[in-house]
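Peer 1: Chain residues, written in single-letter form:
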Amino acid sequence: MNRGTALRSLTAVLTGLLVGCASSTGADDLRPPTPAQTSPEDTSTAPPAPPECDPVASYAPTTTPGASVQAIRDRGALVVAVSADTYLMGARNPVTGQIEGFDIDMANYVAEAVFGEPGHLQLRVITSAQRVPALTDHEVDLVARAFTMNCARWEQIAFSAEYYHAGQKVLVATDSSATGLDTLPKDTRVCAPAGTTTIAQLERDYPDVEPVPADTHTGCLALFQQGKVDAITGDDTILAGLAAQDPYAKVVGQAVSDEPYGLGVAADQADLAAYVNGVLEQVKADGRWAASYDRWLSVLGPAPAPPQAVYGR
Amino acid sequence: MHPARRADQLPTPTLLRLVGVLTVVAALATGFFGWQASQSQADALGAASTSADRLLAAQQVRNDLVAADALATNGFLVGGLEPTESRARYAQLVDAAAQGLARLSFPDAADTDRVARATAALTTYTGLVEQARTANRQGLPVGIAYLDQASAELRDRLLPELDALVESGADDAAGRFDQVADAPWLLLLVLLGLGVLVAAQVWDARRTHRVVNAGLTGASVLALVVLSAGLGLGSVDRTARDIRTGPYRATLGVSQAVSQAHDAQALESLTLIKHGSGSAYEAAAATAAREARRQLGQVHYEQHPDGLPLARVFETWFCPDPDEPDFDETDFDETWTCRGTTGDHQAIRGADDAGDWDGAVALALSQDPGSARAHFDDFVTAATTQADRLHAETTDGLASARSTANLVSWVAVVAGLFAAVLAWFGLAKRREEYR
Chain X
1 MNRGTALRSL TAVLTGLLVG CASSTGADDL RPPTPAQTSP EDTSTAPPAP
51 PECDPVASYA PTTTPGASVQ AIRDRGALVV AVSADTYLMG ARNPVTGQIE
101 GFDIDMANYV AEAVFGEPGH LQLRVITSAQ RVPALTDHEV DLVARAFTMN
151 CARWEQIAFS AEYYHAGQKV LVATDSSATG LDTLPKDTRV CAPAGTTTIA
201 QLERDYPDVE PVPADTHTGC LALFQQGKVD AITGDDTILA GLAAQDPYAK
251 VVGQAVSDEP YGLGVAADQA DLAAYVNGVL EQVKADGRWA ASYDRWLSVL
301 GPAPAPPQAV YGR
Chain R
1 MHPARRADQL PTPTLLRLVG VLTVVAALAT GFFGWQASQS QADALGAAST
51 SADRLLAAQQ VRNDLVAADA LATNGFLVGG LEPTESRARY AQLVDAAAQG
101 LARLSFPDAA DTDRVARATA ALTTYTGLVE QARTANRQGL PVGIAYLDQA
151 SAELRDRLLP ELDALVESGA DDAAGRFDQV ADAPWLLLLV LLGLGVLVAA
201 QVWDARRTHR VVNAGLTGAS VLALVVLSAG LGLGSVDRTA RDIRTGPYRA
251 TLGVSQAVSQ AHDAQALESL TLIKHGSGSA YEAAAATAAR EARRQLGQVH
301 YEQHPDGLPL ARVFETWFCP DPDEPDFDET DFDETWTCRG TTGDHQAIRG
351 ADDAGDWDGA VALALSQDPG SARAHFDDFV TAATTQADRL HAETTDGLAS
401 ARSTANLVSW VAVVAGLFAA VLAWFGLAKR REEYR
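Protein sequences, first through last, are from chains X and R. The numbers in the working numbering rise by one with no breaks, and the one at position 293 of the first sequence is 293. The numbers in the working numbering rise by one with no breaks, and the one at position 277 of the second sequence is 277.
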């Protein structure tokens, strides 16, 4: 070993001695730890106290197209915001790839009336939180997504006349003797989407049951099938979609709340709302409404009379 | 009486015998500590290599699982019937992960528990994926809920256990690399032995008025040989540090990048599957993709020159958009060259965000040359090949350094023994002169 090499080696040894004094960790080699995954969050929040009004009152129906309808015709397509994961109301059929359901039927009826032929409906999938902004920003013409009419929303947008009257019910196993939320046995585990008013309502009005949150109603069904919950509560339309996926589930009882569904329209397009109301009048009268009900919602029982439209705005 | 004076008054032959014993002990100690220093370094190098293998095996299980999850999730975009080859590949990856988990062997009891928990979580995960598939084939949306549960099982329970195992393995490897640097401390004791031999020679020269004692000189030279060979351990340490900051870290970087990239791809599919409700998944996908690209950038800049081409390949799939609200300028360092272009992932998101869900799915599922899938597969193939090569480079480098340390240890043993013999006979010759 020549002098230079010996010196370098000695330096290396001394450096090694010094380095050896400071202990290191695996993080030095791995670099920063893996970022934490964020999980989907429920965006639903409790609505503010609604102003006083008649939530189901809409504009008088018309069959005469106004400026809004003409603009839609010029564009060549009616753009409707829908859900793609609410089975039976608006959900993508995994086999055909098409979005279908009761809400989608209503959108189709309006599109066919506007254009006089099928094939002019353009669907845009949105979350429930995007329903109002989609209209206030004029991103879509209509919202057909289990949209409950209430006075707080009337402050920002307009609605068509009521096309379906939903209500909160409960889903239980077929062998359950419960006949509604109030007859559930003590300590029944009842699932509802996390962060919604339903969980708070369960705690307040039904103290004997045990509320269990899940991400979505479909998440509740998975828990129900796994035996982790005994019941699910929500709008009867949503529960119908769940019951249709599970032969061992049934929806029972009278509705404990009123959820009138309307098609959402931008506040400055009252002419469109009036035109849609004209279409809905025809759909309810000529049996198409009942046909759609039978196709999608018969799990809830025989088709009731369509909701009576209220006008006066 | 003072002990020094008492020793001074001992007869010279007795003193020569005592000093002889002392030099033999010093020479043997020189050999022993030289051997000990190099052996402990060789052992540390071997242990570092084993730890690296172990942590990379855990990382491989993670990679197999996220790749399998990406395939399973993609299957839901296709529709009710998952392509046969996709199912087969999923089964192959899950099988590889299960076997990899079974083979994972960690010395620490807490890590063994982690392996057990990960194994249990894997069983739950695969069960949920099967339930999801069954429902999906029947056209039932509850399949998506099971897929959500499977995703949560994977990301909340299984992957954290594997990440902890990787972290633990990396800590262990880091400790072993530190031990490689610690070993040369023992050379101070070799230096002490050499000092004793030189001091004995000086004492002998004064006492017997002979300038040179051939035996002791030979022993000192051999002790110097041990010390010089020991100094070679410094170069072994330097090599080990080069391996650690070079191919070892690059292996970890590339392997982790592949894992993050697969995760991003699975989350991209989940975003599309969830339709309008997938924004949280997209945020997680972008975070994972940025992390993958950051790891690849680090590989180039600090560890391995081959890293950058890999980063470029990845950029065709994902290029962060500075206009995005969660964009962080610090993530977009000077190594990025895709600024102003659109990666495949962004193109898919762009189509979906503009309301063209079908178009986005078509982009995500296409396997044509130049498609998102083709670019992603190109990246994974290139990265996997490079990670394997870097791992081999790490293992070979550590094995070579270990051979050097082993050689030094045997040189120390032989030189120490000879030095002891020479020292004894060197002083024995003096004792004979007093007979």
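Just so you know, these hints were derived from the structure itself, not from any lab. Computed from a predicted model, the values in this text were never measured in an experiment. Just so you know, even glycine gets a beta-carbon here, dropped at the ideal spot from N, CA and C. Hints are supplied without guarantee of correctness; some may be wrong.
Label-pair ranges, simulated between beta-carbon atoms [claimed, not checked]:
hint : chain 1 : residue 1 : chain 2 : residue 2 : range
1    : R       : Ala354    : X       : Glu281    : 54 to 62 Å
2    : R       : Ser86     : X       : Pro302    : 37 to 45 Å
3    : R       : Ala374    : X       : Val256    : 50 to 58 Å
4    : X       : Ala285    : R       : Ala354    : 44 to 52 Å
Selected chain R positions facing chain X (in silico; Cβ < 7 Å) [stated by the list, open to error]:
hint : residue
5    : Pro141
6    : Val142
7    : Ala145
8    : Gln149
9    : Glu153
10   : Arg157
11   : Glu167
12   : Gly246
13   : Gly355
14   : Gly359
15   : Thr395
16   : Val421
17   : Trp424
Computed from the model, here is a short list of chain X residues facing chain R with C-beta under 10 Å [said to hold, decoys possible]:
hint : residue
18   : Gly26
19   : Leu30
20   : Ala84
21   : Arg92
22   : Val95
23   : Gly119
24   : Leu123
25   : Thr127
26   : Thr136
27   : Glu139
28   : Thr216
Peer 1: Decide, hint by hint, whether the structure agrees.
Peer 2: The hints, checked one at a time:
{"no.": "1", "hint": "R:Ala354 with X:Glu281: 54 to 62 Å", "result": "violated, 35 Å"}
{"no.": "2", "hint": "R:Ser86 with X:Pro302: 37 to 45 Å", "result": "holds, 43 Å"}
{"no.": "3", "hint": "R:Ala374 with X:Val256: 50 to 58 Å", "result": "holds, 54 Å"}
{"no.": "4", "hint": "X:Ala285 with R:Ala354: 44 to 52 Å", "result": "violated, 38 Å"}
{"no.": "5", "hint": "Pro141", "result": "holds, 5 Å"}
{"no.": "6", "hint": "Val142", "result": "holds, 5 Å"}
{"no.": "7", "hint": "Ala145", "result": "holds, 4 Å"}
{"no.": "8", "hint": "Gln149", "result": "holds, 6 Å"}
{"no.": "9", "hint": "Glu153", "result": "violated, 12 Å"}
{"no.": "10", "hint": "Arg157", "result": "violated, 12 Å"}
{"no.": "11", "hint": "Glu167", "result": "holds, 6 Å"}
{"no.": "12", "hint": "Gly246", "result": "violated, 11 Å"}
{"no.": "13", "hint": "Gly355", "result": "holds, 4 Å"}
{"no.": "14", "hint": "Gly359", "result": "violated, 13 Å"}
{"no.": "15", "hint": "Thr395", "result": "violated, 15 Å"}
{"no.": "16", "hint": "Val421", "result": "violated, 24 Å"}
{"no.": "17", "hint": "Trp424", "result": "violated, 27 Å"}
{"no.": "18", "hint": "Gly26", "result": "holds, 2 Å"}
{"no.": "19", "hint": "Leu30", "result": "holds, 5 Å"}
{"no.": "20", "hint": "Ala84", "result": "holds, 4 Å"}
{"no.": "21", "hint": "Arg92", "result": "holds, 7 Å"}
{"no.": "22", "hint": "Val95", "result": "holds, 4 Å"}
{"no.": "23", "hint": "Gly119", "result": "violated, 15 Å"}
{"no.": "24", "hint": "Leu123", "result": "holds, 8 Å"}
{"no.": "25", "hint": "Thr127", "result": "holds, 5 Å"}
{"no.": "26", "hint": "Thr136", "result": "violated, 17 Å"}
{"no.": "27", "hint": "Glu139", "result": "holds, 8 Å"}
{"no.": "28", "hint": "Thr216", "result": "holds, 7 Å"}
Of the numbered hints stated above, those contradicted by the structure are hints 1, 4, 9, 10, 12, 14, 15, 16, 17, 23 and 26, listed in ascending order.
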